[in-house]
Structures are given as C-alpha cells and as structure tokens.
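Undergrad: Now for the letters of each chain:
Number of protein chains: 2
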Amino acid sequence: MASGTRERIMDVALRLFAAQGVAATPVTAIEAGAGLSAGSGSFYRHFRDKHELLSAVLDRELAKVAEDPITWVRSPSPQRPPETELAERLGAELAFLRRLLPMIAILMWERAGPNDLAGRVRQTMTARGIELGIADLLLQAPTPPVKDDPAAAATVLISAQLGYFLSTEYFGAPPGDVEADRFTAMLARLLVGRDLP
Amino acid sequence: MASGTRERIMDVALRLFAAQGVAATPVTAIEAGAGLSAGSGSFYRHFRDKHELLSAVLDRELAKVAEDPITWVRSPSPQRPPETELAERLGAELAFLRRLLPMIAILMWERAGPNDLAGRVRQTMTARGIELGIADLLLQAPTPPVKDDPAAAATVLISAQLGYFLSTEYFGAPPGDVEADRFTAMLARLLVGRDLP
DNA sequence: GTCTATATTGGGATAGAC
DNA sequence: GTCTATCCCAATATAGAC
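So the protein sequences, as listed, match chains A and B.
To convert, note that position 30 of the first sequence is 29 in numbering that gives the first Met the number 0; the numbers rise steadily by one, no gaps.
To convert, note that position 124 of the second sequence is 123 in numbering that gives the first Met the number 0; the numbers rise steadily by one, no gaps.
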C-alpha cells in the first residue's frame, strides 16, 4: 500500500526531530529519509506542513506509549523484601522514560511552541501512573517520612528518576558515573529505609 | 564606552537563546535587542558569526557562575539537626541550578552541536561541588545506606534535585505539585534518616 | 502519488559609505 | 562602529507533467 508513506514519514520525523530538533530538520531531509526524492514536495501530499506533521507524530507516539503497558514483574513472589521489589519497579520506570525520550527531547526544543506539548507529555506520564501508581507501592513499606507525606516522597522518587535519566541522556553520563542498578538500589533503600540505627 | 555593545549583545543573546533556542534566534533580533539597526550587519563587527557568539556567551556565563559562591549558611549554629542543615543546603543548590538554567536550556537545544556544550556545563556543575561537595555533608550524618555507598547516595541526591528542577522549568510544574520546601525537606529526611522504626 | 522545476521567503553574512 | 544596501543560500511550499 502506497500510503505506508505517511507512516514512514512519521517514523523518520520522530527520529530526526528527537535527534536534532524540529527547526533544524528540513522537510527535504524527511523526504529523503522516507525514500522520497529530496527536493520534491511529495511530503506535502501527506501533510499540510511541518507543524501538522509534528502534531501527528506526537499524537501517534503518545497513543502508542499509552497502550503499551510498563513491563515489570507483578510481584510474582510476594514474599520478597520490599526494597527489592521497589528497585525492580524503578528500573522498569527508567525504561519507560527511555520510551518517552524522543518526546521529551522534542518538548525541550519546542517549549515556546504553540501546541501545549508540555501538557500533553505530562498528561501521559501522569496517566501512565508514573506519578500516582508509585504512592501505593510506597505505602507497602512506609517509613515515617513517607508515612508523614507520601506525596512529597513520591515527588522525590519521580524527580530522582527523571533527573538521573535526563542527566544520562543529555550530559552523556549519569551524575557521578553511578550505573542504573546501583542508583535504583540506593533510591529504593532510602525510601524503604530498612537497616537503620 | 562603545564596546559595551559587545556585552549588550551577549546579554541579549543569552536571554533569547535560552528562551527560544539558538537556531530560532536570528541575528537581526539580537541586533535589535542590543540597540543596533535590525538588518545591519553591525553584529559582525563584534563577532565572527553566531557560533562564536554562542561560545563567548557560554564562557562568560560559566565563568560568572564559577566565581559566584553558592550562598548558603555555613553552619552558623553547629548544633542544629543535620537534616535541617541539609535541607537548607539543598535549597541553595536549587537556586544555583536556577542560575545555570539558561545554559541548561541552551544545552538541550544544541545537544547535537559541534561544541562540547554538555561537557562544559557538566564540568562547571562538578567543579562547583554540586557533585562532590555533597558527599562530605552526607558523611556528617551517615545512615547505613549512605555509609555503604556514598557515591550512589550523592547521585540520588543530585538526580532528585536536577529532576525536580527540570520538571518545574520545562513541564511548568513540579512532579505532583509539591513545592520546593516540602521537596527538599523530604529529600533531606530520607537521606539523613532520623526517626526510624 | 511521485516526480522536476520553480516561486518565494527569511536569515546569514559581506561591501562600502559615513 | 554603525549604517544602507545587497548577495547568497537554505528551506518552505506550490505548479503542473507523468
């Protein structure tokens, strides 16, 4: 089918937009990447302009991410220590953020844009339970600080994950060159607060 | 002095670059903002091209930030509980990040660029003790997790700060709408781990 | 639906007068 | 050191043949 072209255009655009920004990605490059002739306006048979393309790409991607469940082990052995379970969940969450990365990258570039990109991405992150789904797990092993203010604890958790992720992606390395496993393990340990004085 | 123009150009450029990105900021806009005639090439009497301007702006800004000490209370009353002191220090750190914001924003936009922007900003953040200066404070009140792996704990700390900050700046709101004080207080509490089971 | 060709604009950069 | 004027190119978008 010839209208797979539209899909191919969106695939390429997502990749290029994320890699170099919307402004820095000429339509000609998108055409080339989609197997069309570089200077031809063939692109415009499929989208009115670049902005419409951007919208379409984001909608499709957000929809995909929204469908695709976070794959983490749904506590198969319910007797494991809570910090282990939490650490695993945190790892899955980092992977989920990695899926969102292209959109986050675009968001950074298009901050000033007319579309409410921030809102749209934020909504997906929220809806996917990145924010709220956490709180209930925290409540499984609540240390006093967490019990006092679960929302703040969840904020610390999400912030740490997001910061670690963005630092790795944008600065090329995690803060302090600590690998992901070590990071999530520590974060889980601090939240669950086992071995204490 | 007429060569204050160069400084004015850099001032305007920093603002515009941070607000809308380098690519989206035409030289004409910079000229206009600096009080020069919009279409004139007067800009080029001061900088060879936009890339040189970008470099100059970053260097100047990084130098400024490097000189300017983080203003936090250097433990005036040494008997305060460590989580209070830590919370204060975390607050000062957030303010410091806010100073770095324009450069972080530029970094996000210019990720693909030829200059090693990421490296330069990262170096400043590191040099300023954002990474290492933390560890010693942590050691003032080391909970077992922190004692076991101070580097990982520091990474959690920095990541949380960075994530909270970026989320606020780019998504328009902190994760979970928790204000800064509540956030830093919780982070400090989790790290210092006072009241425990 | 894709091509070649082209109109058109916006922005980077230079020339030369003042 | 700033101006006016201009060149040049890259990129958007369209026209019309196939």
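Quick caveat, the hints were computed from the structure, so don't treat them as lab data.
Heads up, some of the hints might be wrong.
Claimed, not checked - FRET-style restraints, in silico, Cβ to Cβ: (1) A:Gly40 <-> B:Glu178: 49 to 59 angstroms; (2) B:Arg47 <-> A:Pro143: 51 to 61 angstroms; (3) B:Ala94 <-> A:Arg59: 53 to 63 angstroms; (4) B:Asp58 <-> A:Asp176: 21 to 31 angstroms; (5) B:Ala91 <-> A:Tyr43: 48 to 58 angstroms; (6) A:Gly118 <-> B:Leu100: 12 to 22 angstroms; (7) B:Ala18 <-> A:Ala94: 29 to 39 angstroms; (8) A:Arg97 <-> B:Thr125: 45 to 55 angstroms; (9) B:Ala172 <-> A:Ala62: 15 to 25 angstroms; (10) A:Asp48 <-> B:Gln139: 52 to 62 angstroms; (11) B:Ala18 <-> A:Thr4: 15 to 25 angstroms; (12) A:Ala55 <-> B:Thr125: 39 to 49 angstroms.
Beta carbons: idealized from backbone N, C-alpha and C, even for Gly.
Undergrad: Hint by hint, which ones does this structure get wrong, listed from lowest number up?
TA: 3, 8 and 11
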